[in-house]
Amino acid sequence: IPLTYRLILLAIKPLAALQGAYMMLFNPSGYISTMTRSTISYDPSTQQFALTQLAGAWLYFAFVELVVLAQSDDVRLWRLLCGGMLLSDLAYMHSVAQG
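Using the working numbering, read the sequence shown as starting at 174 and increasing by one per residue.
You can trust all of the hints, since none of them are fake.
Quick list of the computed label-pair ranges, beta carbon to beta carbon:
| # | residue 1 | residue 2 | range |
| --- | --- | --- | --- |
| 1 | 272 | 250 | 32 to 38 Å |
| 2 | 222 | 184 | 27 to 33 Å |
| 3 | 221 | 178 | 30 to 36 Å |
| 4 | 245 | 200 | 31 to 37 Å |
| 5 | 250 | 207 | 29 to 35 Å |
| 6 | 216 | 177 | 38 to 44 Å |
What the hints contain is simulated information worked out from the structure, not anything from laboratory work.
Heads up, the beta-carbon is just placed ideally off N, CA and C, and yes, glycines get one too.
Please put together the full structure from these sequences, using the hints given.
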């Protein structure tokens, strides 16, 4: 696995996922104001469940990157997992563009 991919997927992306999960769980209003173009007020009764679900997904990605990929040099496994993460990233970027 090339060094560039290892650096991005084993160091940078997991830290970003952990920071995002932390913000969603402990500073949701800050997360929402950072990720949306317009002013959206945070309402825990209608938004927190979705942020908790997204935080769980990001914690899963951090685990996959920090543990599963770090333990394997299998190119096929890396391609499959990175393909899944790319699909998730594309959906996430689309959601940010909608906001």
